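J.: Just so you know, we're using our numbering here: the sequence shown kicks off at 148 and counts up by one.
Estimated spans, in silico, between C-beta atoms of each pair: (1) V321 x T173: 35 to 41 Å; (2) R365 x I169: 38 to 44 Å; (3) L362 x P152: 17 to 23 Å; (4) G224 x G270: 20 to 26 Å; (5) P210 x A168: 21 to 27 Å.
No lab work stands behind these hints, which were simulated from the structure alone. Just so it is clear, the structure is predicted and the values come from calculations on it, not from any experiment. Beta carbons: idealized from backbone N, C-alpha and C, even for Gly.
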Amino acid sequence: MRMPPARATLTILAVTIAAWAIVTATGYDQIAGYAGGFIPARFSGEAVPPTLEMMVRGIGFVPKWLTPLTATLLHGGALHIAFNMLIMGFCGRFVEAAIGARGIIILYIAGAYVAALGHYLAGPTEAFPMIGASGAVSAVIGAYALLYGEKRRNFENRRLNQIANVAWLAGAWVLLQLMVGFAAWGGTGGGGIAIAAHIGGFFAGLALAQPLLLLRYRRA
148 MRMPPARATL TILAVTIAAW AIVTATGYDQ IAGYAGGFIP ARFSGEAVPP TLEMMVRGIG
208 FVPKWLTPLT ATLLHGGALH IAFNMLIMGF CGRFVEAAIG ARGIIILYIA GAYVAALGHY
268 LAGPTEAFPM IGASGAVSAV IGAYALLYGE KRRNFENRRL NQIANVAWLA GAWVLLQLMV
328 GFAAWGGTGG GGIAIAAHIG GFFAGLALAQ PLLLLRYRRA
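Produce the complete structure using the sequences and hints provided.
T.: Have a look at this one:
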């Protein structure tokens, strides 16, 4: 079966890649990371270190409520954005085919904000910016896993099977993220991986996949 064009997914890819290319080509990538990255300390009332203030002097910080979104447009290098966009391109086209263009945009934005919330809860006084689309992409991965993954049938009741399937996917993802975090911590002292953001985004994908699917076909 031929899939419909994934216009929203391609738009997300194009905007994200263009934003990264522009700030990298102009040499503003590091400054943009501080100005537009998600910094938990800005939400908890903690004073932002003077070094960060100096980094964005002349530009200023992006309004803090927008930073969960602007952070998705900023990446730490070519490998970082290539990995995120590869996964987004693969999973996104399938998820968009199921929940529609509007649905995947809602999912992506919600995933970005839930991922930021997870990162905040893990370290509310953290003054170092979180950048990258990994949290939002994790929401798309969560939706993909729920919509297209093999369904486990452990119970006769359909609702119980749905709950068990969500619990299985969530548990597997959390375990995987903890293993990645442990490996990174052991090898590089932390690795700069926002594990809580990945977990939060994935849970957002699990929670929103079916409601967005129902929303699309109720409108049809």
